[in-house]
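Given the coordinates of chain A, work out where chain B should sit on it, guided by the hints.
There are 2 protein chains.
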Amino acid sequence: MAGWISGFTDGEGCFTISVIKNSTTRFGKQIFPEFVITQGEKSLDVLYKIKNYFNCGSIILNKRYDNHNEHLYRYCVRSISELQNKIIPFFEEYALQTYKRNDFKIFKRIIKLMIKKQHLTNEGWKKILKLASKTNRKKKRF
Amino acid sequence: MAGWISGFTDGEGCFTISVIKNSTTRFGKQIFPEFVITQGEKSLDVLYKIKNYFNCGSIILNKRYDNHNEHLYRYCVRSISELQNKIIPFFEEYALQTYKRNDFKIFKRIIKLMIKKQHLTNEGWKKILKLASKTNRKKKRF
Numbered sequence: 007m008a009g010w011i012s013g014f015t016d017g018e019g020c021f022t023i024s025v026i027k028n029s030t031t032r033f034g035k036q037i038f039p040e041f042v043i044t045q046g047e048k049s050l051d052v053l054y055k056i057k058n059y060f061n062c063g064s065i066i067l068n069k070r071y072d073n074h075n076e077h078l079y080r081y082c083v084r085s086i087s088e089l090q091n092k093i094i095p096f097f098e099e100y101a102l103q104t105y106k107r108n109d110f111k112i113f114k115r116i117i118k119l120m121i122k123k124q125h126l127t128n129e130g131w132k133k134i135l136k137l138a139s140k141t142n143r144k145k146k147r148f
Numbered sequence: 007m008a009g010w011i012s013g014f015t016d017g018e019g020c021f022t023i024s025v026i027k028n029s030t031t032r033f034g035k036q037i038f039p040e041f042v043i044t045q046g047e048k049s050l051d052v053l054y055k056i057k058n059y060f061n062c063g064s065i066i067l068n069k070r071y072d073n074h075n076e077h078l079y080r081y082c083v084r085s086i087s088e089l090q091n092k093i094i095p096f097f098e099e100y101a102l103q104t105y106k107r108n109d110f111k112i113f114k115r116i117i118k119l120m121i122k123k124q125h126l127t128n129e130g131w132k133k134i135l136k137l138a139s140k141t142n143r144k145k146k147r148f
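Just so you know, the protein sequences line up as chains A and B, in that order.
So the first sequence is numbered by my numbering: it starts at 7 and just counts up by one.
So the second sequence is numbered by my numbering: it starts at 7 and just counts up by one.
One chain only, chain A, in its complex shape (with noise of 0.2 Å):
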């Protein structure tokens, strides 16, 4: 199953920095890192395969309402813990080969800056923002 896991993400799967707002927080903006695999409904039963390997995360309906047939599904771990304790340590055995590894690289780096509070500070805030806009997702998400 390990290997499967890391195959599929490479096809499917992605480590996102997005920045979102939040007017409780210092700068008025929250790092939010998300590890993701998206599905369509006819493949949800892998999404619980996978959730139930990790042992954590969740599986988040998205709804679709333009052309395509199916509403599509999304596991979701977005607990910094987690990412850290479970996600991170499982693609350091189970090495992707995709571009993604260049993505799973920087995020590894920004959920140990965020640990450490970097985060919550200036320089640390900067730092952050500029590694998430070395992944690939840059255009999308920044």
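Among the clues, some could well be false.
Unchecked claim - Calculated cross-link-like contacts (lysine to aspartate or glutamate; reagent style EDC-like; alpha-carbon spacing at most 20 Å):
hint : chain 1 : residue 1 : chain 2 : residue 2
1    : B       : LYS140    : A       : GLU76
2    : A       : LYS111    : B       : ASP51
3    : A       : LYS140    : B       : GLU47
4    : B       : LYS55     : A       : GLU99
5    : A       : LYS55     : B       : GLU99
6    : A       : LYS140    : B       : GLU76
7    : B       : LYS111    : B       : GLU98
8    : B       : LYS114    : B       : GLU40
In case anyone wonders, no lab produced these hints; they're calculated from the structure.
Coordinates of chain B only, in the frame set by chain A:
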């Protein structure tokens, strides 16, 4: 690598059965089974890794001139004997987990019929088309 390839195929691969025009064949058409994994240019190296692993197939450039940033590459295995002797035994051992498992089962049955030259008979031809219509790709390919 094997588990990874199975997971990556569940994400990015497909087993297709196309019917293409070919005036030199008995029915004026030809049944064309293909195992394909498609990737953008930035992950071209993984297609070479997969090609090396299976020791068969070829990598073909699909140029794109739409709004995408990069060309696509397809790793394809089209030889009936290589599908039968290399690809099918691999996915029997390292099982797919998504709905593509069903496409694979149908694909396997069609390859078996073709190995027995059933596609050269009226009855076999119809049987193969009926089977192919049950794959997930029927709307696009038939």
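To see whether the hints hold, each was checked on the structure:
no. : hint               : verdict
1   : B:LYS140 x A:GLU76 : holds (18 Å)
2   : A:LYS111 x B:ASP51 : holds (18 Å)
3   : A:LYS140 x B:GLU47 : holds (18 Å)
4   : B:LYS55 x A:GLU99  : holds (19 Å)
5   : A:LYS55 x B:GLU99  : holds (19 Å)
6   : A:LYS140 x B:GLU76 : holds (18 Å)
7   : B:LYS111 x B:GLU98 : holds (9 Å)
8   : B:LYS114 x B:GLU40 : holds (11 Å)
Hint compliance for this structure: every hint is met.
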